[in-house]
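Chains as they are written, first to last, in the numbering used here: chain A, 1 to 324; chain B, 1001 to 1502.
Since the hints were derived computationally from the structure, they do not count as laboratory data. Check the hints yourself; a few may be wrong.
[As the list claims (entries may be wrong)] EDC-like mimics (lysine to aspartate or glutamate), calculated; alpha carbons at most 20 angstroms apart, straight line:
#1 B:1157 x B:1249
#2 A:180 x B:1120
#3 A:206 x B:1104
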Amino acid sequence: MRSRWLMFAITFIAILYFYMRDSLVTTSVIGTAITFGLPLAMAAMVGIMCERTGIVNIGIEGTLLVSSFVGFFTASASGNLILGLISAVAMGAISGLLLSLLAVTWKMDQIIAGTIINILATGLTSFFYKQGHTIPSTFPEVDIPGLSSIPFFGPVLFMHGPLTYAGIILIFVLWVALYKTPWGLRSRAVGEHPSSADTAGVSVIKLRYLNVAIAGAFGGLAGAYLTLELVGSWDRGFSAGKGFTALALMIFGRWNPIGALGAAIFFGTAQAVTNQLMITQVVTIPQQFTNMLPYVLTILILAISAGKVRAPAAEGQPYEKEQA
Amino acid sequence: MSTLLELTNITKTYPGVVANENISLSVNKGEIVALLGENGAGKSTLVKAVFGLVRPDSGEIRIKGDLIAAGDTAAAINHGVGMVHQHFQLVPVMSVTENIILGDEPRRGIFIDKKKAREEVVALSQRYGLEVDPDAIVEDLPVGMQQRIEILKALRKDVDLLILDEPTAVLTPQEIEELLGVIKNLASTGVGVLFITHKLREVMAVADRVVVLRNGKTAGATTPQETNEEGLAQLMVGRNVVLQVDKSDAVKQGIVLSIRDLQANDDRKHTAVDGFSLDVHAGEIMGIAGVEGNGQRELVEAICGMRPRLMGSVLVDGQETPDMAPHKVHRMGISHIPEDREKHGLVASYSIEDNLVLNQFDQPPFANGWIRNATALEQNATNLVENFDIRTPSIKTTAGALSGGNKQKVVVARELSQNTKVVVAAQPTRGVDVGSIEFIHKQLVSARDNGAAVLLVSAELDEILSLSDRIAVMFGGKIVAILDGKDADRAKIGRMMAGLAS
């Protein structure tokens, strides 16, 4: 806990220091950090929602891949971004339902179930992929009137596309819902000790289905954000390991939405800073090494968190009602 | 008197087992019905069927006259059924309040009304005189307190029928008295109570009626006035049972097992055994009495080399045994009947034959260098199955296929057949039928008579009292007192077990 606060304090002081030295670059770097971090944070929410109800979801990567694919090609074919968004979210939810079917109904090993989703997503998207498609535009940046003119915070927080805002708001909504509402209490109970919830009249199966499906939809939103707002194109292997990184951030953030958001922004900052250093050629290291950064950081994060965090107790175990 | 619960011909089969066969039973308003039976008799299955946690294959469940659909927990709750489960149904990382309100949370808009929830819990605990701290985190509380939360949880929804599934298994004698008092009080306010237990004493103390199950069938129904403990035991087992262990006075010899200032942590890295010292003589049974969770498990594991000893030593015949080396510890003469036989006592997928040599498979005559000796293995198994009355179709049957009592007999046979100096028996009769208990007790006494030092750890105070020559009472990882088995007083030990001054 202390190391976490220390880390945030250091980050804060560092940002302040660099802002004093060069406000323009610092603002742009932190803005980029949000852009990089947000899809990871949203993908981490998928993990949090699933694992809090006791379902391990290593299929986030697949969800991102397949939903961004469907989103992009729907938008491309129809010329309508909204339609693309809707189809991506729906596709995400479907991938969540598939996970539920495998892991909840069929009580399959959850790691295998997640792997199936990943393999399926890679296979299907590679098979149906056709080169040369484009979308008319990406979701445009919407500056929030007033707020966007605040120095530093304006450009960093209030000059983004609509899906960025939606993502950030939804993360806070999830946080409140998880800790303040009956739904959250029940979900956490199901993830910790499902038979307690069952004996209190909460349907473990229904809640798991519901949450994993909503989580999938969340993943769909992340996929839509990546392709329709951030990048504007789609290529094979588009999600590039973000779904796995998200799992590490979920653990680092202790299965808490705000914690994972913080971790994701920290992660995004590291990437943005490296990019900046590369662009300005302050350091010249081969690009291969900078490309390794996310993965090295993921390993570091997991090494730091290992043993210090406590996962939901019932994670990964199918619920057998009759043994209650 | 109006009928609250009416069960007609309930049948439930699991693959290969008939858990309940045509069981009928009723509970009236204000009545305490004890459901008595051995482990595996089908008591838990039956009450879980009432509460909708198990779906019976056939039969009718009527609560207050209404037919309840099979497997419908919510309907059971709505009809005023509350259940206190054998394994606590509490979320360890959540607060007392959160646990109690789970499933029916007071709301303000879409949010939980935390203030109202807390008030509700306080009011509830005052109403029934069961004091709890609404803000405490459940996993930090002692088991007696956790059970209180279970009861409050069950009582919260204006319960008319309260089901208690072996509620006394983990309590101190004082807590049991308290609980029985609470049950009587509830019944006097008109609540019907269905109370599962296999402890005859409790049945005699509180029940209005007793229904006895045996092998999934109703073996008989009676009242405490019409019978006594022996009569109930006979109904449970189906034959005469000697409840009193028959043993002669101990012939105490020199000290064999010597534990010095032992210290060990539990799984959560908290001190569980805290400077424990004890000498056990050859030819005596030393009983360790204590409420579960006071370091007994950790003590046994530290002695047997399964848990790191942070400090202190364990000596056999004056020689120090190595830390964290169960096989070497066993070689030095400590036999171990583990608390969790499924996990530490047996390999379920191995044959009985192999399980009987698990800790000496590499020793002659069972092995010659690298090669196992099939004849010796068979002979050993045949002898032990015969002598220890292990009921099995064959020595090649896998251990997992046996009943609980017979599994335990396999473990006991292996550990007691090796003429060891020390026998550490942890909960040797847990989950074992009355007939096997009788047999295992006899075997422990005969190990003692053959000159072994027996360290008996048990959560069943009756077991400790009837077997032990000396009794060490353990509380908070330490010995509170050592008493002579003969003049041990149940109530006094109970107070010590609860950590109250003697």
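Query raised in the report: Tell me, which hint numbers fail for this structure?
Result: 1
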